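If you read the sequences in order, they're chains Z and E. Heads up, the first sequence is in the working numbering, so the first residue is 1 and it goes up one at a time. Heads up, the second sequence is in the working numbering, so the first residue is 1 and it goes up one at a time.
Honestly, the hints are just simulated from the structure, not real lab data. A portion of the hints provided could be inaccurate.
[Stated by the list, open to error] Coverage of chain Z stretches by chain E, computed from C-beta distances (three or more under 8 Å per stretch; other residues unrestricted):
hint	region
1	29-37
2	40-47
3	52-59
4	74-84
5	87-101
6	104-117
7	121-135
[As the list claims (entries may be wrong)] Stretch-level coverage of chain E by chain Z, calculated; a stretch enters the list once three of its residues show a Cβ under 8 Å from a Cβ in chain Z:
hint	region
8	44-57
9	65-73
10	80-90
[As the list claims (entries may be wrong)] Listed next, with one range per pair, are the computed distances between beta-carbon atoms:
hint	chain 1	residue 1	chain 2	residue 2	range
11	Z	Ile-138	E	His-41	19 to 29 Å
12	Z	Leu-95	E	His-41	21 to 31 Å
13	Z	Ile-143	E	Arg-145	40 to 50 Å
14	E	Met-149	Z	Ser-99	50 to 60 Å
15	Z	Ile-138	E	Arg-145	32 to 42 Å
16	Z	Ser-99	E	Thr-208	20 to 30 Å
17	E	Pro-80	Z	Arg-125	20 to 30 Å
18	E	Phe-197	Z	Ser-151	42 to 52 Å
Bear in mind the structure is a predicted one, so any value in this text is a computation, not a measurement. Cβ atoms here follow ideal geometry from the backbone N, Cα and C, with glycine treated the same way.
As a plain string of letters, each chain reads:
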Amino acid sequence: MKFGGSCVRWNYGLSIGFEDFILAIGVFGIGYLMLGLCVAEMVSVMAFDGGYYGYARILMGPLGGYLVGCSGLIESFFYFGMFPVKISQFFQLLLRMTSTDPYIPLLRFIIYLCLFLSFLIIQFRFWEYITISGFVVIVLFLIYLLGSIPSLDYREYALIHTHSSGTGGAEQEVESTPLSVMFFMGFDLISLTSAHVKDVSYYFVLVVYFCVMYFLFISPFQPWWIIVSVLSVSLFIFLGEKSCSACHC
Amino acid sequence: MIVLACWMIVTVSSQYPGTSPKLASVREYFPLSYGYSNIFHITYRQAMILNMLPCLFTAWAMIYIISSQLEAMASSRLLPEILNHRVGESEIPVLRYAFICTMGFLISLYVSAVKTYGTQSQTAFMAGCFVYLSMFYCYVVFKWRYSHMERTFRNPLSYFSVPIGVFVYMLGLYFVLVDDVSPNRAVTLFYFSYMLFMTFYYFLYVETHQKFSESEAKVFFKAYIIKSTFFLHFCFF
Numbered sequence: 001m002k003f004g005g006s007c008v009r010w011n012y013g014l015s016i017g018f019e020d021f022i023l024a025i026g027v028f029g030i031g032y033l034m035l036g037l038c039v040a041e042m043v044s045v046m047a048f049d050g051g052y053y054g055y056a057r058i059l060m061g062p063l064g065g066y067l068v069g070c071s072g073l074i075e076s077f078f079y080f081g082m083f084p085v086k087i088s089q090f091f092q093l094l095l096r097m098t099s100t101d102p103y104i105p106l107l108r109f110i111i112y113l114c115l116f117l118s119f120l121i122i123q124f125r126f127w128e129y130i131t132i133s134g135f136v137v138i139v140l141f142l143i144y145l146l147g148s149i150p151s152l153d154y155r156e157y158a159l160i161h162t163h164s165s166g167t168g169g170a171e172q173e174v175e176s177t178p179l180s181v182m183f184f185m186g187f188d189l190i191s192l193t194s195a196h197v198k199d200v201s202y203y204f205v206l207v208v209y210f211c212v213m214y215f216l217f218i219s220p221f222q223p224w225w226i227i228v229s230v231l232s233v234s235l236f237i238f239l240g241e242k243s244c245s246a247c248h249c
Numbered sequence: 001m002i003v004l005a006c007w008m009i010v011t012v013s014s015q016y017p018g019t020s021p022k023l024a025s026v027r028e029y030f031p032l033s034y035g036y037s038n039i040f041h042i043t044y045r046q047a048m049i050l051n052m053l054p055c056l057f058t059a060w061a062m063i064y065i066i067s068s069q070l071e072a073m074a075s076s077r078l079l080p081e082i083l084n085h086r087v088g089e090s091e092i093p094v095l096r097y098a099f100i101c102t103m104g105f106l107i108s109l110y111v112s113a114v115k116t117y118g119t120q121s122q123t124a125f126m127a128g129c130f131v132y133l134s135m136f137y138c139y140v141v142f143k144w145r146y147s148h149m150e151r152t153f154r155n156p157l158s159y160f161s162v163p164i165g166v167f168v169y170m171l172g173l174y175f176v177l178v179d180d181v182s183p184n185r186a187v188t189l190f191y192f193s194y195m196l197f198m199t200f201y202y203f204l205y206v207e208t209h210q211k212f213s214e215s216e217a218k219v220f221f222k223a224y225i226i227k228s229t230f231f232l233h234f235c236f237f
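This is chain Z alone, in the form it adopts within the complex (with noise of 0.2 Å):
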């Protein structure tokens, strides 16, 4: 589900500088994982999957609960925006339209015609697909990552274009900033589906085979990720353990 936010758009986020933007992704990264401790003790408690208004009903009363809704539904629908409007800009450099086409709105309610009538097909089986997508999606990644090494020049391409050198000044900084949670996008959103999860001690034990997988697959390729990897491989086992023994669970 939250792959889709790192391969569209964030990368207008390097207009602020290659440091800069790291330093973001680090800083609210942290966010989420705080974000994500959190709600998870309260999911592990009270299973709602009608997102984290209910959350606030019950904590903050009846009005607090239903602003928190109409919040958390215009965060989901406009990035849910973002996707079909890159599926229509694809078919606008295919079709060699330019962004001032008169017939972009057309297209678009077009892909939105579409998208409605393939989850229509889809929405019986919706877990196999969105299962099998995700296995999809993460070959695709890897495929990328690992076949990008042998082209990877740091110091030639990364560096070219720092904060110092000046950039679009604090409109494009400000616009900049908010795209590193592309990568963590969506994150929030798994709380929606916790009500389906039935043993979470099998999917614990499954993702830090996952990570274990990935630090033995990986660090050939890459030496000095191995410090990156083990750093956080140990960081979920210490986290998942202490949870665990704290719940005597």
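Given the structure of chain Z, go ahead and fit chain E onto it with the hints provided.
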């Protein structure tokens, strides 16, 4: 996720065309296309097809997620109940799916009208920040009030995660709310107009008609009992 995100940025930035503004790579629609083009020796346009699959799958997933949320809110009459109307023997909520796609289409028209590429992500980000901040508040109340309820996961950072999270999302709000630049004004105006409209709707209709849906009652039943005993305890002692 943070590791994957950083790896992705390093990979995209460290190969042709890099982050050079002259090559306009930072303005490309699909940042992974150049990489796919290099790997498979295909044209940039052909490589874009590989980016279409995640977009399509994410759009499907988002429809499902929004649909769940709309269903829950409509069941509690916080939104019009017509959104839960089901059609045919298979009981498909066609109206809800149509509403989601129509809203998506209208948003795309709004974003085209505003003509700033950051508007869409900024609006979502701003709305998200408010939701997340309220979730941190909820977590504190939850920890305090429901500390004895049985749980299968405990946040290892406990209350310490709250100030860190609040700081990050307040910083996020600063970028959208406080910095007075033109795209922010459109985003702020839109968001607060929408929230104002929904608040009016709440006092006009929702306040008197809202109820607890079956799913809410099932999940939160225990919490309501504890909450009521908590307040009784608070009143009497």
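Numbers of the earlier hints that this structure fails to satisfy, in rising order: 10, 16
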